[in-house]
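Asks: Heads up: the protein sequence lines correspond to chains A and B, in order.
No gaps in the numbering here: position 86 of the first sequence is 76 in this note's numbering, and each next residue is one more.
No gaps in the numbering here: position 11 of the second sequence is 13 in this note's numbering, and each next residue is one more.
Hints are supplied without guarantee of correctness; some may be wrong.
Claimed, not checked - With a straight-line Cα cutoff of 25 Å, these simulated DSS-like cross-link-like pairs (lysine-lysine) come out: (1) B:K101 with A:K12; (2) A:K34 with B:K28; (3) B:K58 with A:K30; (4) B:K101 with A:K42; (5) A:K31 with B:K28; (6) A:K34 with B:K101; (7) A:K26 with B:K101; (8) A:K12 with B:K58; (9) A:K30 with B:K28; (10) A:K31 with B:K101; (11) B:K101 with A:K61; (12) B:K101 with A:K57; (13) A:K42 with A:K(-1); (14) A:K31 with B:K72.
Treat the hints as calculated values from the structure; they're not laboratory data.
Quick caveat: nothing in here was measured; it's all calculated off a predicted structure.
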Amino acid sequence: DTAVSQTPKYLVTQMGNDKSIKCEQNLGHDTMYWYKQDSKKFLKIMFSYNNKELIINETVPNRFSPKSPDKAHLNLHINSLELGDSAVYFCASSQGEAMGPLHFGNGTRLTVT
Amino acid sequence: SQQGEEDPQALSIQEGENATMNCSYKTSINNLQWYRQNSGRGLVHLILIRSNEREKHSGRLRVTLDTSKKSSSLLITASRAADTASYFCATALIQGAQKLVFGQGTRLTINP
């Protein structure tokens, strides 16, 4: 009964490939996010969606394209992967008041070789 | 430097002792939140304190907020080995895009 689940947990791929990460939440939340955590543990927001609409796009390269087919799902597609994309990507969701508590998935560790 | 910065970056104490972590930020906030991250896992929300609140408690956790100094502290009392984790503060900004801005965290190690 994981509240926010993302797949896969690990992703190892070569430079230039295209990959996707999927996220689903069963909390009934309206807002979903993608965060990137680098090797120094710094966590930075990439995107947020509210009821399937993009509301935050934090100067992320165009190679990253989020897609929200419904408010329970937010997927992340990455084209032409680069070494610098290696990181842990977290999906999160929240409900109600803006900037309330976030519920995080367990992350997808992406390694680009 | 970042909006939220935790101090210290790493803290190692004996089980049973109290642990205090600090967070400083730069711009006005709507609220400030603390999260815990165990190794290989996602962040877990611990406590939210609003800009008009000064102190909040939750079990063994005590959070203070000083908006005049733009700082917050998280106190964990009677620490346990299971408290070993990274702790992050996150600030909800008043101006600009509505988002949480995280610091780099404090790595807390509780030695048995």
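Asks: The structure should be examined with respect to each hint, and the outcome stated for every one.
Replies: How the hints compare with the structure:
no.	hint	result
1	B:K101 with A:K12	holds (21 Å)
2	A:K34 with B:K28	holds (17 Å)
3	B:K58 with A:K30	violated (29 Å)
4	B:K101 with A:K42	holds (17 Å)
5	A:K31 with B:K28	holds (20 Å)
6	A:K34 with B:K101	holds (10 Å)
7	A:K26 with B:K101	holds (14 Å)
8	A:K12 with B:K58	violated (36 Å)
9	A:K30 with B:K28	holds (21 Å)
10	A:K31 with B:K101	holds (18 Å)
11	B:K101 with A:K61	holds (18 Å)
12	B:K101 with A:K57	holds (19 Å)
13	A:K42 with A:K(-1)	holds (24 Å)
14	A:K31 with B:K72	holds (22 Å)
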